[in-house]
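Undergrad: Sequence:
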Amino acid sequence: MTAPDRPELDADTHARVQELFALVRAGDAATLARLLGMGLVPNLRDGKGDSLLMLAAYHGHADAVRVLLQHGADASLANDRAQTPLGTAAFKGDIDVVRALIEGGAPVDDQPDGGRTALMLAAMFDRVEIIELLLAHGANPEHAGADGATALDLARGMGAERAVQRLSHPSESSIPRTPKPGVE
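Residue 959 is where the sequence shown starts when you use my numbering, and the numbers rise one by one after that.
One or more of the hints may lead you astray.
Claimed, not checked - The following label-pair restraints were derived from C-beta to C-beta distances:
hint : residue 1 : residue 2 : range
1    : GLY1072   : GLN1028   : 23 to 33 Å
2    : ALA1104   : HIS972    : 30 to 40 Å
3    : VAL975    : GLY1051   : 23 to 33 Å
4    : GLY1072   : GLN976    : 30 to 40 Å
5    : ASP1071   : GLU1119   : 45 to 55 Å
6    : ARG1120   : ARG1039   : 41 to 51 Å
7    : GLY1117   : GLY1096   : 47 to 57 Å
8    : VAL999    : GLY1063   : 52 to 62 Å
9    : SER1126   : THR971    : 44 to 54 Å
Source of the hints: derived by calculation from the structure; they are not laboratory data.
Cβ atoms here follow ideal geometry from the backbone N, Cα and C, with glycine treated the same way.
Take the sequences, apply the hints, and build the full model.
TA: Here it is as structure tokens:
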């Protein structure tokens, strides 16, 4: 996949944009909220196609993720490597960021260009708590990537034993469910 053509920025604008990306990587949610309130485009991307949301997710800043989502950031916006913010958070193993993304409306089964779903990435790296959360929010363990591999296949290939065990019984959940009022 080739990156789309992007216009060149003058030196001053480039420096300011780099400061913005550094602010997001550092997780400065308050300043980010202020800038978004002033009209900052929430889906701004860097030269690799990483959106502000992707960077906040990758660097483990759940508060910045929430701020970006509240200001209209696209949780499905993949980077130039077909990675989504939710997939990135699953790969990194950051349950708080995964929760923030799901609560903010990120589709749990996003699979851009035949890439890996968040469940597949969590499985590969034996992130059982994230697997549980994704399954509880409707992730489909039967989704396959372009290579035909499911989350279970990928977990087996990576030797992620706890993930293999969990995904071998995808209908079971260890997450306690709160009963609906009037239903026992």
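Undergrad: Each hint needs a verdict: does it hold in this structure or not?
TA: For each hint, the structure was consulted:
{"no.": "1", "hint": "GLY1072 with GLN1028: 23 to 33 Å", "in the structure": "31 Å, holds"}
{"no.": "2", "hint": "ALA1104 with HIS972: 30 to 40 Å", "in the structure": "35 Å, holds"}
{"no.": "3", "hint": "VAL975 with GLY1051: 23 to 33 Å", "in the structure": "29 Å, holds"}
{"no.": "4", "hint": "GLY1072 with GLN976: 30 to 40 Å", "in the structure": "32 Å, holds"}
{"no.": "5", "hint": "ASP1071 with GLU1119: 45 to 55 Å", "in the structure": "30 Å, violated"}
{"no.": "6", "hint": "ARG1120 with ARG1039: 41 to 51 Å", "in the structure": "27 Å, violated"}
{"no.": "7", "hint": "GLY1117 with GLY1096: 47 to 57 Å", "in the structure": "27 Å, violated"}
{"no.": "8", "hint": "VAL999 with GLY1063: 52 to 62 Å", "in the structure": "19 Å, violated"}
{"no.": "9", "hint": "SER1126 with THR971: 44 to 54 Å", "in the structure": "52 Å, holds"}
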